[in-house]
Every structure is written in C-alpha cells, then in structure tokens.
Amino acid sequence: MIDRFMLSRRQLLKTSAAGAAFGLASASFPISRALAAAATVGFIYVGPKDDYGYNQAHAEGAAALKGIDGINIVEEENVPETVDVQKTMESMINLDGASLIFPTSFGYFDPHMLAMCAKFPDVQFRHCGGMWNKDKHPMNAGSYFGYIGMGQYLNGVVAGHTSKTKKLGFVAAKPIPQVLLNINSFLLGARSVDPTITCQVIFTGEWSLAVKEAEATNALVDQGIDVVTCHVDSPKVVVETAAGRGAFVCGYHANQSPLAPEKYLTGAEWNWAKVYKMFVDDLVAGKPLPNFTRGGLADGFVKMSPLGPAVSEAARKQFDATLAEMTKGGFSVIKGPLKSNKGGVVATEGQAFAETAIELESMDYLVEGVVGSTA
Amino acid sequence: MDATEIGLWGVPLAILGGAIRVSTPFIFVSLGEAITERSGRINLGLEGTLVFGAMTAYAVAVMTGSPWLGLTAAAFAGLCFGLFHGWICKFRGVNDIAIGIALMLFGSGLAFFFGKPFIQPSAPDLPAIPFGAWSDIPQVQAALDVNVLFLIGAALAVFLWWAFRNTRAGLILRVVGDSSDAARAMGLNPDTVRLIATGVGGALAGIGGAYLSLYYPGSWTEGISSGQGLMAVALVIFARWNPLGCFAAALLFGGAGALGPALQSVGVTQGYYLFYAAPYILTLIIMIATSSPSRSLAGAPGELSITK
Chain U
0 MIDRFMLSRR
10 QLLKTSAAGA
20 AFGLASASFP
30 ISRALAAAAT
40 VGFIYVGPKD
50 DYGYNQAHAE
60 GAAALKGIDG
70 INIVEEENVP
80 ETVDVQKTME
90 SMINLDGASL
100 IFPTSFGYFD
110 PHMLAMCAKF
120 PDVQFRHCGG
130 MWNKDKHPMN
140 AGSYFGYIGM
150 GQYLNGVVAG
160 HTSKTKKLGF
170 VAAKPIPQVL
180 LNINSFLLGA
190 RSVDPTITCQ
200 VIFTGEWSLA
210 VKEAEATNAL
220 VDQGIDVVTC
230 HVDSPKVVVE
240 TAAGRGAFVC
250 GYHANQSPLA
260 PEKYLTGAEW
270 NWAKVYKMFV
280 DDLVAGKPLP
290 NFTRGGLADG
300 FVKMSPLGPA
310 VSEAARKQFD
320 ATLAEMTKGG
330 FSVIKGPLKS
340 NKGGVVATEG
350 QAFAETAIEL
360 ESMDYLVEGV
370 VGSTA
Chain C
0 MDATEIGLWG
10 VPLAILGGAI
20 RVSTPFIFVS
30 LGEAITERSG
40 RINLGLEGTL
50 VFGAMTAYAV
60 AVMTGSPWLG
70 LTAAAFAGLC
80 FGLFHGWICK
90 FRGVNDIAIG
100 IALMLFGSGL
110 AFFFGKPFIQ
120 PSAPDLPAIP
130 FGAWSDIPQV
140 QAALDVNVLF
150 LIGAALAVFL
160 WWAFRNTRAG
170 LILRVVGDSS
180 DAARAMGLNP
190 DTVRLIATGV
200 GGALAGIGGA
210 YLSLYYPGSW
220 TEGISSGQGL
230 MAVALVIFAR
240 WNPLGCFAAA
250 LLFGGAGALG
260 PALQSVGVTQ
270 GYYLFYAAPY
280 ILTLIIMIAT
290 SSPSRSLAGA
300 PGELSITK
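Protein chains in written order, with numbering that gives the first Met the number 0: chain U, 0 to 374; chain C, 0 to 307.
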C-alpha cells in the first residue's frame with residue numbers, strides 16, 4: 000500500500016509541477032505562489048456552508064486549514080448527490096489539481112466517489128461516514144467519522160433532567176445506522192437519569208425538508224413532548240420551531256444556541272477542524288493517509304455546546320461526570336441487558352459495545368423506550 | 000409548559016393545524032397562477048418567484064426589522080418576475096412554458112446568490128392571531144394560531160371567485176383567456192391584459208414566499224420551498240381554475256402533508272413513506288376520477304397552451 004502511495008505522490012508532484020509550469024506560462028501567478036501551493040484539497044458540501052448544521056460543521060473544519068502553508072482549499076456547496084458530484088470532483092482534480100478530496104455527504108459515496116476513485120487512482124478520496132470497507136473498496140478511498148452518539152447521550156442526560164413530562168422527541172431524517180445510534184443514545188442518556196423516560200421519533204424521509212421538519216416538531220410538542228433534538232442537515236427549523244412552542248432543545252452538528260438562547264440546553268457538535276488537520280498534516284509530511292479514521296469526545300472529533308441557562312445544577316453535575324468518564328475512553332452507550340423496541344435482544348447481561356465497536360456502524364434497531372419504527 | 004395529554008386527538012388537530020399552517024403558500028401561489036392562467040398564459044416560474052420572494056422578504060425584514068416591509072418587498076420582487084415573464088412572452092414564437100422553466104431556475108439561483116448572507120441572521124416574524132385563546136389546551140391554541148396572511152388568502156379566494164364572474168376586469172381577463180380573437184374584436188389588447196395578469200400572479204407568489212420565510216417554517220434556507228411552487232401550479236389545474244377550488248385544494252394539501260408526522264407522533268410508525276405520499280396519491284385519484292376522454296378539461300381557458 001505504501002508503494003502505491005509513493006507512486007501516487009510522484010504522480011502528484013508531477014501534477015503540481017505541471018500546475019506550476021502552467022502558472023508560469025499564463026504569467027498571472029508569481030512563482031512563489033505556484034510552488035507554495037504544494038497540494039490542493041477539495042471539499043464538497045450537499046447544502047449551503049452556513050446552514051447551522053452539517054455543512055457548516057464541515058466548512059468550519061475546512062476554514063481551519065486555510066492558514067496552513069502550501070495547502071490550497073477549493074470548496075463547492077449545494078452539490079446534489081447525483082452525477083453532479085462526479086463532475087464537481089473531476090473539475091476539482093483536472094482544473095484545480097486537487098490531490099485529496101473530501102466529499103462530505105452520505106450519498107456521494109456509492110456510486111459517485113467510487114467511480115472517481117477508479118478513474119483517478121492517484122487522487123485520495125476520504126468520505127464522511129462509515130461506508131468504506133477494505134475488502135470491497137479501493138485503497139485510495141477511505142472514510143472518517145466521529146462517535147457523535149456519545150454527544151447525543153450527553154444531550155439525553157441533560158434532557159432527562161430537564162423534561163417534566165418524561166417524553167422526549169427526536170426529528171430524524173432517514174433510518175440509517177448513524178441516525179439510529181443517535182436516537183438510541185439520546186434515549187439511553189435520558190434513561191440514565193430516569194428509566195421511565197420515552198423518546199418519540201419522527202422520520203421526515205429526507206435530509207433537508209424545512210416544512211416537514213417544522214410539522215414534525217409541532218406534532219411532537221402537541222403530544223406533550225418538552226425536549227426535542229434532531230438529526231437533519233440543518234437543525235435551524237427544528238430548534239426555532241420547538242423553542243417557539245416553548246419546548247427545550249438539544250442541538251446537533253453545530254452550535255445552535257444563538258437561535259434559542261433560553262431554550263437551548265446543549266448540543267452535540269462536530270469538530271472537523273481537528274480531523275482535517277490530521278489528514279493535511281499527513282499529506283504535507285508525505286505520509287500515507289489513513290483509510291479508516293474514527294474518533295470521539297476523547298480524540299477531539301466531537302465536542303459539546305456550552306450548557307444553556309435552563310440546565311439545572313443536578314443535570315450539570317451528571318453531565319460533567321459522564322463527560323469525564325467518556326473522555327477516559329471505553330464508554331459504552333449500548334450495554335446489556337438491553338432490548339430493541341420490537342422486543343429483540345440487543346445486548347445480553349454483561350455485554351457492552353464501546354464507542355469503537357464496529358457493530359454499531361450497522362445498527363438497524365431502536366432500543367426499548369423509543370417510540371418509532373425503522374421502516 | 001402544560002403537559003396535557005391529547006393522544007389520538009393529536010391527529011385531527013395536526014391535520015387542522017397543518018392545513019392552516021402549511022397551506023398559505025399554496026393558496027397564494029395557486030391564486031396567482033389562477034389569475035395568470037385565466038388570461039391564457041402559464042407561468043411555471045412561480046417556484047422561482049416563491050423562493051426569491053422568501054429570500055427578499057427575509058433579507059428586507061432582517062435589514063429593516065419590519066416583516067411588513069419584507070412582505071411588501073417580496074410582493075414587489077414577485078411583480079417584477081411576473082412582468083418580466085409577461086413581457087418576454089408577448090414576442091412572437093416565445094413559449095411561455097419554456098420561459099417559465101427558465102425563470103424558475105433563474106429565480107432560485109438568484110435567491111441563493113443574494114440569500115447567502117441571510118441564512119444565519121434571524122428575522123422578525125409576521126404576526127399571528129390567537130383564535131384558540133378560548134381553549135385552555137395549549138395544543139388547540141397552537142393549532143389555531145392563524146397567521147393574517149392565511150386570512151387574507153381566504154378572503155382573496157372568495158373575492159377572486161366573485162370578481163371573475165361579476166366585474167368588468169374579470170370579464171376582460173376571461174375573454175382574453177378564452178379567445179384572443181374575440182378580445183381583439185372587443186378592442187382589448189391581449190398582451191397588456193396578460194402582462195398585468197402575470198405580474199399580479201407573480202406578486203401573489205412573492206407573498207407566498209414571504210409567508211414561508213417570515214412565518215412558517217420561518218427562516219430562510221435554500222431548501223425552504225422544496226417544490227411547493229410547482230405543486231401549487233399543478234393545484235390550479237386540479238382546482239379547475241376556480242379560486243375557491245384553489246383554496247380548498249391548498250387546504251387539502253396542507254392537511255395531508257401534516258398527516259405523516261402526526262401519525263408517527265401518536266405511534267403509527269410503520270410505512271411513513273406511504274403517508275408522506277398521501278397528497279400525491281390523493282391528487283392522482285381525484286384527477287383520474289374527474290377526467291374524461293370525451294370532453295376537454297372543464298373550465299380550462301381556451302388560449303392556454305396546454306389545452307390548445
């Protein structure tokens with residue numbers, strides 16, 4: 000694998016040399032700048048860069064690279080998960096000379112990113128999510144993701160203390176493993192406070208459907224639910240609607256507290272700056288990039304929003320204690336005895352899945368206490 | 000907050016609330032399109048106008064602090080889009096459907112471009128009237144918080160229904176829509192009438208957009224409309240170009256759209272994709288039930304390019 004990578008680096012240098020020559024020929028680039036841009040890194044987002052959510056979290060990570068010497072950043076937003084993303088990747092490679100590309104959205108992977116991996120074997124692709132598998136997929140591809148379920152567990156702890164009705168709500172996009180883990184973690188966090196708490200989930204079916212998300216939030220509050228969180232691309236609508244109805248909210252992806260300062264409890268946020276810096280440091284140092292990158296609260300991949308004014312002293316204490324335990328590593332959200340909400344056994348007595356357990360990345364159940372269905 | 004249990008009552012309440020909350024953009028866009036189509040033109044660009052109106056309203060409300068100014072600006076922007084469509088379509092050989100599609104893409108693209116700096120800030124909302132104040136159940140109160148635009152839309156539907164039949168302007172509009180030749184014989188200029196009709200239609204669509212960004216869901220994002228403008232154009236055909244029909248169809252769509260989330264919230268969680276398809280299935284059924292191979296669409300303006 001290292002050999003292959005060396006080859007690709009040589010190719011890469013050739014490409015940059017060609018780029019430099021082109022820069023000279025066009026006479027618009029000073030030499031120093033053309034040489035300084037030793038590597039170009041491409042970022043592709045499915046939505047706007049400032050959506051208070053998923054894309055903003057990635058764009059903040061990309062922005063953190065801008066100061067690094069010799070690294071040139073190219074970005075494109077609002078790229079649909081269709082053949083469009085292939086065109087975007089091709090133009091980043093052919094026109095901008097990108098040698099490392101981060102297609103950040105779930106649906107970019109198959110078949111779009113895989114097609115590009117085959118077409119440009121010298122370019123490195125790293126996809127956000129858990130899809131890359133070393134038996135099935137090329138070695139110039141890879142995936143990176145964070146154990147943000149831990150953050151949702153902490154959200155749940157605070158929500159469990161705050162809820163008076165003992166009913167929580169979750170507005171979710173699609174029943175994929177990462178979303179299910181977040182829902183389950185949120186409920187289990189709340190149940191660590193009070194085991195009678197339930198969580199009602201509503202799937203909207205799409206990552207970004209403003210009106211449906213608002214309807215879902217209203218329907219949850221109508222059922223007496225008083226703390227809401229979500230897993231959609233832009234939590235803005237959910238946060239504003241829930242707060243408007245008087246419910247508390249826990250955030251996701253990025254910090255949404257400016258949208259509802261009084262009602263915002265805390266939130267599970269990505270810290271992609273850390274992850275992207277790791278990749279780019281390796282790239283600059285000429286080291287092979289990892290294909291499988293994961294990390295959680297302890298590794299700084301995930302962080303929590305500051306606790307809001309409505310968080311009680313008891314909640315703050317348990318939040319801090321749980322966070323401290325998680326940062327030690329090895330914390331298990333899914334641990335036995337635990338049943339799914341259909342009655343199946345998820346974990347037996349004594350069985351525990353730490354955040355790193357690969358089984359969690361193929362989760363297909365909702366745990367007991369979650370009201371909802373995966374299909 | 001009061002933890003009143005309403006259980007299954009949540010479903011009809013959500014449908015009622017959803018019908019009122021979600022339907023308003025449908026009402027305005029479909030009434031606007033009804034006026035335009037009655038004059039014999041189709042403006043498919045209203046989706047773009049809706050999105051641009053949402054952006055304009057939000058941006059102006061953020062900058063001035065007044066949602067009403069935002070609403071006015073959105074209506075004006077919509078008017079400009081409509082007049083532009085009407086002006087281009089007056090030239091020979093120009094296809095109104097193609098121009099509409101172009102304007103749809105143009106409007107959305109322009110809105111995304113100018114809307115960038117306004118995704119983050121919060122704008123003041125349009126006011127709602129608490130018709131549910133008589134009830135002490137918070138859910139009922141929430142469902143009956145009716146925005147003034149909904150009421151204006153309802154009144155407008157009745158007014159247009161009356162005006163199409165009983166006013167001189169309504170008569171002119173219908174004559175132009177049914178036969179350009181007859182209109183010319185009467186000394187009317189069909190192009191001018193259509194220009195005005197498309198402009199008014201655009202202004203109404205802009206108001207619909209303002210509702211989206213300034214009331215419900217109440218923020219500007221690029222995915223705010225998710226095709227509602229196009230659906231509303233289809234509603235006009237579904238409603239047979241009748242303003243009251245447009246109003247009813249908009250309510251139906253709003254209510255049906257609320258069905259999916261409401262059913263999940265009371266624990267009916269299987270097959271939610273099917274519930275989400277409910278409005279479209281409903282449309283299909285009604286279209287099939289009311290269609291006939293032996294006669295043309297009842298109420299269709301004769302000059303409309305889809306019926307010619």
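These are computed hints drawn from the structure, not numbers from a lab.
A couple of the hints might just be wrong.
Stated by the list, open to error - Only pairs whose alpha carbons sit at most 30 Å apart, straight line, appear in this in silico BS3-like list of lysine-lysine:
| no. | chain 1 | residue 1 | chain 2 | residue 2 |
| --- | --- | --- | --- | --- |
| 1 | C | K89 | U | K48 |
| 2 | U | K341 | U | K327 |
| 3 | U | K65 | C | K115 |
| 4 | U | K273 | C | K115 |
| 5 | U | K86 | C | K115 |
| 6 | U | K86 | U | K135 |
| 7 | U | K48 | U | K273 |
| 8 | U | K276 | C | K115 |
| 9 | C | K115 | U | K302 |
| 10 | U | K173 | C | K115 |
| 11 | U | K341 | U | K286 |
| 12 | U | K327 | U | K86 |
| 13 | U | K163 | U | K135 |
| 14 | U | K48 | U | K163 |
| 15 | U | K135 | U | K276 |
| 16 | U | K286 | U | K173 |
| 17 | U | K165 | U | K302 |
| 18 | U | K48 | U | K65 |
| 19 | U | K273 | U | K173 |
| 20 | U | K334 | U | K163 |
As the list claims (entries may be wrong) - Stretch-level coverage of chain C by chain U, calculated; a stretch enters the list once three of its residues show a Cβ under 8 Å from a Cβ in chain U:
| no. | region |
| --- | --- |
| 21 | 221 to 233 |
| 22 | 258 to 268 |
Even glycine gets a Cβ: it sits at the ideal position worked out from N, Cα and C.
Right, here's what the structure says about each hint:
1. A distance of roughly 40 Å separates the Cα atoms of K89/C and K48/U; the hinted pair therefore is violated under the 30 Å criterion.
2. Under the criterion of a C-alpha separation no larger than 30 Å, the hint pairing K341/U with K327/U is inconsistent with the structure, at around 33 Å.
3. This hinted pair checks out: K65/U and K115/C have alpha carbons roughly 21 Å apart, not beyond 30 Å.
4. For a cut-off of 30 Å, the pair hint linking K273/U to K115/C stands: about 26 Å separates their Cα positions.
5. A C-alpha spacing of about 23 Å is found between K86/U and K115/C, which places the hinted pair at or below 30 Å, so the restraint holds.
6. At most 30 Å may separate the alpha-carbon atoms for a hinted pair to count; K86/U and K135/U meet this at roughly 24 Å.
7. Note on K48/U and K273/U: the hinted pairing holds, with a Cα-Cα distance of about 18 Å set against a maximum of 30 Å.
8. Between K276/U and K115/C the alpha-carbon distance is near 27 Å, which keeps this suggested pair within the 30 Å criterion.
9. The straight-line distance between the Cα atoms of K115/C and K302/U is roughly 27 Å, inside the 30 Å bound, and the hint therefore holds.
10. At most 30 Å may separate the alpha-carbon atoms for a hinted pair to count; K173/U and K115/C meet this at roughly 27 Å.
11. The hinted pair formed by K341/U and K286/U fails the criterion: a straight-line CA distance of about 47 Å is larger than 30 Å.
12. For the hint pairing K327/U with K86/U, the CA-to-CA distance comes to about 43 Å; that exceeds 30 Å, so the pair is violated.
13. A C-alpha spacing of about 48 Å is found between K163/U and K135/U, which places the hinted pair above 30 Å, so the restraint is violated.
14. Between K48/U and K163/U the alpha-carbon distance is near 36 Å, which puts this suggested pair outside the 30 Å criterion.
15. The hinted pair formed by K135/U and K276/U meets the criterion: a straight-line CA distance of about 27 Å does not exceed 30 Å.
16. At most 30 Å may separate the alpha-carbon atoms for a hinted pair to count; K286/U and K173/U exceed this at roughly 37 Å.
17. Between K165/U and K302/U, the direct Cα distance comes to roughly 26 Å. Compliance with the 30 Å bound is thereby established for this hinted pair.
18. Between K48/U and K65/U the alpha-carbon distance is near 15 Å, which keeps this suggested pair within the 30 Å criterion.
19. A hinted pair counts as satisfied when its Cα atoms are at most 30 Å apart, and K273/U with K173/U qualifies at roughly 27 Å.
20. Between K334/U and K163/U the alpha-carbon distance is near 26 Å, which keeps this suggested pair within the 30 Å criterion.
21. Interface restraint, the region 221 to 233 of chain C with chain U: holds (5 residues with C-beta to C-beta distance below 8 Å; minimum three).
22. A stretch counts as covered by a chain when three or more of its residues have a beta carbon under 8 Å from one of that chain; for the region 258 to 268 of chain C and chain U the count is 8, and the coverage holds.
Consistency note: the structure conflicts with the earlier hints numbered 1, 2, 11, 12, 13, 14 and 16.
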